[in-house]
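Chemist: First to last, the protein sequences are chains A and B. 121 is the number of the first residue of the first sequence in the numbering used here; add one for each residue after it. 5 is the number of the first residue of the second sequence in the numbering used here; add one for each residue after it.
FYI, nobody ran anything at the bench for these hints, they're computed from the structure. Among these hints, one or two may not hold up.
[Said to hold, decoys possible] Taking CB as the label site, the calculated pair distances span: (1) ALA153/A <-> ALA147/B: 16 to 24 Å; (2) ALA133/A <-> TRP118/B: 13 to 21 Å; (3) ALA147/B <-> ASP154/A: 17 to 25 Å; (4) ARG186/B <-> GLU188/A: 40 to 48 Å; (5) GLU30/B <-> LYS152/A: 40 to 48 Å; (6) ASN349/A <-> ILE29/B: 52 to 60 Å; (7) LEU32/B <-> ASN349/A: 50 to 58 Å; (8) ALA36/B <-> ARG278/A: 45 to 53 Å; (9) ILE139/A <-> ALA26/B: 17 to 25 Å; (10) LEU164/B <-> GLN191/A: 40 to 48 Å; (11) LEU135/A <-> GLY168/B: 33 to 41 Å; (12) LEU35/B <-> ALA153/A: 31 to 39 Å.
Note that beta-carbon positions come from the ideal geometry of N, C-alpha and C, so glycine has one too.
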Amino acid sequence: MIRLSIPLRQALARLSLPIMIAVAFGVMLLGKADTLLVERLRITLSDALTPIYGAISQPVNAVEEAIEEIQSLATLRSDNARLREENERLRRWHAAALGLEAENTLLRRQLGFMPEAAPNFHAARVVADGGGTYARAVLLAVPPQHAIRKGQVALDERGFVGRVTEVGSRSARVLLATDMNSRVPVTLEGSRARAVMAGTNGARPRLAHWPEGVIPQEGERVVTSAQANAFPAGLPVGVVRRNAQGSLEVELFARLDNLEMVRLFDFGLSGILPPEAVARPEPRPARR
Amino acid sequence: MSLSPKLRAPPPGRPEPPQDLARRIEALLRLAFPLLSTAVVLILSVTPTGLPALAFALAMPSVAFWTVFRPAGMAPPIVFILGLLLDLLTLAPLGVHIIALLALHGAAMRLRFWLARQGFFMVWLCFCLGALGAILLAWGFTALLLLTLPPWPPILHTLLLTAGLYPPIAIILSRAHEVMRRAEDLP
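Next up, chain A with everything else stripped away, as it sits in the complex:
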């Protein structure tokens, strides 16, 4: 240990707070100037911590599942009634879907339609909340030799979740659709009008910039649009809802508050990335 005289040590102690505040402002400027460095720091830290999170998340999930189980026991009767009614409805839809599928096959045959190849995906486990007070993101644990790239689309079993913004060797961060920096081009399925779904950090992103003359209907399905080449068209996103103030929002299909697994799809697109991800996506062999 370095021995200092007492007055010098006192002076240093008194100066250390102003110095640290000055350094903090320096770090702030550096973070604004060199976003790539910040991203690299962040991903290094999450790579180091992901194994720990992976280990912790299992007992946490077990406890959560136990709580859910107990809650479901309480609503068993009403759930059963609801499910029976839903099953009835789905059975009718099943019949309709079979008819439509047959018709679709027939029409495709007549048109000589070339179906697109099913995109390949990787499933990844959500191990940590990667956002914070003013951001919505999740941290994924990915196997060491993975093919995950920045800009890939993340979906859960129901619908659109977000996009990959940071990729490390063992972890990846997905910026959720609810983050206030998230802007997703969408199509209103009923009117085929285009719009933008803007995150607000709340549970339901806002719907914005629909064309004049089109009024988005309450309950209308919202799917992704291929505009800006950032997303493939037609991924399920949510339904239009009008909030108490009368503005339009999107109720997402994905359950973002309870994400456990997401599927990362590689559609081979390299469109606009969210503001955090300033680096260009890595080149990828052309799509088959």
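Place chain B on chain A using the hints.
Modeler: For chain B alone, kept in the frame of chain A given last:
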């Protein structure tokens, strides 16, 4: 001023503690305990809990408590490291949490001697005021660095969360502080 050799000798009955390696490591661990414990809690707090502001809300009571009661273990560089860790763990613009925690630390440091004499509720109240300041500062710098106005409800959520977390954290930390102080008083 000259001291006679007689006066310089340690008083009889209390031998000078031997500065062996084990004791030094122990002292170092005691010094590092506030940093290490807070860092571990912060790292664990980002497991998916559905509370996005949990990490920040957990950091503030710890920083304030150690600043008042054990300032050697919560010096400005340590607060800086914790703020940086918080910034990197969350997706906040770099520096926001550093400034907020340093401001809280500075305020607590200034009122340290006065606070240490107050009762628990007064300290709690003062902590809530300081935390509100820190949260507002973080909000303001986030707005400045992102060039958008972040939503304001999280300010209230974070304040309520951290105000509610302070008593249990303070109880646990004062136990730890008591244990460490007893260990330091040992001959």
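Chemist: May I ask which of the numbered hints given earlier this structure violates, with the numbers listed in increasing order?
Modeler: 9, 10
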